[in-house]
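Put chain B on the given structure of chain A with help from the hints.
Respectively, the protein sequence lines represent chains A and B. Terminal number for the first sequence in the working numbering: 613, no gaps in between. Terminal number for the second sequence in the working numbering: 289, no gaps in between.
Honestly, the hints are just simulated from the structure, not real lab data. In this text, a Cβ means the ideal position worked out from N, Cα and C, and glycines have one as well. Certain hints may be false.
Part of the chain B face toward chain A, derived, beta carbon under 10 Å [claimed, not checked]:
#1 Leu-42
#2 Leu-43
#3 Ser-46
#4 Glu-52
#5 Thr-78
#6 Ile-79
#7 Tyr-141
#8 Arg-145
#9 Thr-267
#10 Leu-271
#11 Gln-275
Rough simulated footprint, nothing fancy, chain A against chain B, three-plus residues with beta-carbon under 8 Å [stated by the list, open to error]:
#12 223-231
#13 236-245
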Amino acid sequence: MRKFLGLALALTVVAAACGGAAPGGGSDSSALAPGKDVAPAASITWWHAMSGVNGDALNKIVTGFNSSQSKIKVEAIFQGTYDDLLAKLNTALASNAAPALVQVYDIGQRYMYDSGQVVPMQAFIDRDKFATTDFEPAVINYYKYQDKLQSMPFNASAPLLYFNKDAFKEVGLDPNKPPVTFTEIADAAKKLTKKDASGVTTRFGFGPSIYGWLFEQLLATSGALYADNGNGRDNRATKVVYNSAAGKAILDWWKAGVDGGYFYNPGIDNDGAANAFNAQKTAMYIESIARLRGHITTIAGKFELGTGLYPRPDSKPKEGGNIIGGASLYIMKSRPPAEQQAAWEFVKYAMTPAVQAQWQSDTGYYPIVKAAYDQGPSKEWSTKYPQFLTATTEIRESPQNRMTNGAVLGVMPQARQRTQKMIESVLLGQATSQAALDAAVTEMNAAIDKYNKANP
Amino acid sequence: MRTGTVVNYALLIIGSIVVAFPLLLALSYSLMSESEIATFPPPILPADPTLDNYGQVFATIPIGRYLLNSFVVSSAVVVGQLITASLAAYAFSFLVFRGRQLLFFLFLSTLMIPWEATIIPNYMTIRTIGWLDTYQGLAVPFMATAFGTFLLRQAFMQIPRELWDAARIDGATTFRFLISTVVPLSRPALGTVAIYGFLSTYNQYFWPLLITNQTLMRTTQVGITQLRFEETLRWGLVMAGVIMVAAPTLALLVLGQRQLIRGLTAGAVKG
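Excised from the complex, chain A in its bound form:
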């Protein structure tokens, strides 16, 4: 199924690219938005990929909007996972059945841009002189291309170090001072690793999943680029460049830990890594803040959970920092201006501090608008779960540059999978770090070439 979706995506990119020209150009993009006097449509549809607790939180925003005014009614429709949603969007675009507003994941950004089917969010912002000064710079910068905001960030996450405070106390580590650098983590992991009488490891110090996103983040905290042309932000990327010294250092560190027996390797299995941490089989691991809420529920007081800043090289490079994750909202060009107008009204509502604070306390994603932290629900939330604030600290401390803005590639989902294969081959000893990096880069460059040719 996955394979097929990928193919469907690739094919429809070609089809979609023939359909319309890419937006952009000029310093003021307001011309791309409908006129200010266009009356908003009475109802619009919004496709999203939030289920469970997050889905309920999302529906709460929609209900709030619908009852806050009487002109526009938003209907939110769950369309499966992010990948399913994108596959469905492609089919719908081909037959003009797309909704006015869609939620697309972070790495779908370049793809959405190349489809030429999006009204850039910047057009509405410029037209209404909508102030984005209070927005988290790290979040807003992620969704900009050539300085123009393409979509409105909606759910924002960041990666963290999760650690077991009880285990820290047990081996004499300071639970209030989690390790940050590669060496600090390796040293702490050695101390935290426990073996039983027969020499079998009962607890590993550190156990990250082989997850491409984590590698992208480690590269960013190392202050290194993932792709050329400023991570594909100054211009479309033509190559990936992570086979650098920084990339090699990350793999060497990871490999040394696994070989030394103090890093656990769950394989390409994010849920496995999370479960190992819950089961106290590992004492530290790295993952998105989006998992924090689930951890708090599952651990249910069995041990004290701490969060720390994401790992970085020993030199703590000044230009290094973290990339945000999550998803954003796109207004679709194929809908009539009145519907685009209505979608924009809803987007503005979703960005109000009160809604953002409610969204934070319902889901655990951090607010995009800084003023949200002053709201009641947000304050209560932060007092109850101070672990969440680590993410806010982390993204605010990240310097804003091309490395920390993160890479945008049309083939990003594929690129992520390829780095996973690369890390796995190194950890299993099938290739040296440099050889694995070079092989992955060569293969991805061919894929980027193909994508760029198909989307001129």
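Coordinates of chain B only, in the frame set by chain A:
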């Protein structure tokens, strides 16, 4: 001989445990609390079985409605397929007309077209006639089946030509012969087509996702993805959902299998 039987049974039991293990584990997990699943080493059997997860499934998604939708659609597809496939197979096996062979091979060649290639045109057709979010949109595109026609044609060819001649001499119409002779004699083949059609429709994912937008028109396979949250996975909840969705098809297979095997072997040895 006796030891041979014992060995055979032992092997069969081991084999069936291996085959059934994932399903049994799913059942076991669906009865565990989330924190029990998270313990290490992972437990096989619940220490303290609970039905909480099932309650949670009902609280999270309208699973009853999803099951109903899936049954309505799958049953409609089965009925449609049985009618179209048996009529077509009858024509291809008993009726003589010009170009029969060519038409049959043309029919078969449609088996080579991957379903994925037809998704977009089918979607556009369904959308144009306004069948999005309807039962007919979910069912009608699957009501004709080249595979089923092929299967039934092979089965119909087994029926002695003499019966056809006898029926014609007695004055039976073409249609009468189909209803009174061919269909009753081909029950195992019809059963196979029915079960195959039911299961493949029941397990569809992409098409129902594509053409439905209202929650209440979704089918089980699309519906249970709502139990899988984007960032956290609650195994107990997911497994409870999976068991609830898989149970009806398992029941169908168990009931259908007896009919199938009996039917298949009944004609195997000439009595």
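Tested hints:
The restraint placing Leu-42 of chain B at the interface with chain A is violated, with a minimum CB-CB distance near 20 Å, outside the 10 Å limit. Given hint, Leu-43 of chain B at the interface with chain A, is violated; its Cβ is 15 Å from that chain's nearest Cβ, farther than 10 Å. At its closest, the beta carbon of Ser-46 of chain B sits 16 Å from a beta carbon of chain A; the interface hint therefore is violated under the 10 Å criterion. The beta carbon of Glu-52 of chain B is positioned within 10 Å of a beta carbon in chain A (closest approach about 5 Å), and the interface hint is therefore held.
Satisfaction of the interface hint for Thr-78 of chain B is found here, the shortest Cβ-Cβ separation to chain A being roughly 7 Å, below the 10 Å cut-off. Below 10 Å, beta-carbon pairs count as interface contacts, and Ile-79 of chain B has one with chain A at about 9 Å; its hint therefore holds. Because the smallest distance between the Cβ of Tyr-141 of chain B and any Cβ of chain A comes to about 6 Å, under 10 Å, the interface hint for this residue holds. Annotation: Arg-145 of chain B was flagged as interfacial toward chain A, and the flag holds, the nearest CB pair being 6 Å apart, inside 10 Å.
A hinted interface residue such as Thr-267 of chain B counts as satisfied when its beta carbon comes closer than 10 Å to some beta carbon of chain A; here the least separation is about 19 Å, so the hint is violated. With a cut of 10 Å, the hint placing Leu-271 of chain B at the interface with chain A is violated, because the nearest CB-to-CB distance is about 23 Å. Here the hint on Gln-275 of chain B is broken, as its CB sits about 28 Å from the closest CB of chain A, past 10 Å. With 5 residues having a Cβ less than 8 Å from any Cβ of chain A, the region 223-231 of chain B passes the three-residue criterion, so the hint holds.
Under a criterion of three residues with beta carbons nearer than 8 Å to beta carbons of chain A, the stated coverage of the region 236-245 of chain B is upheld, 4 such residues being counted.
In this structure, the hints that do not hold are numbers 1, 2, 3, 9, 10, 11, in rising order.
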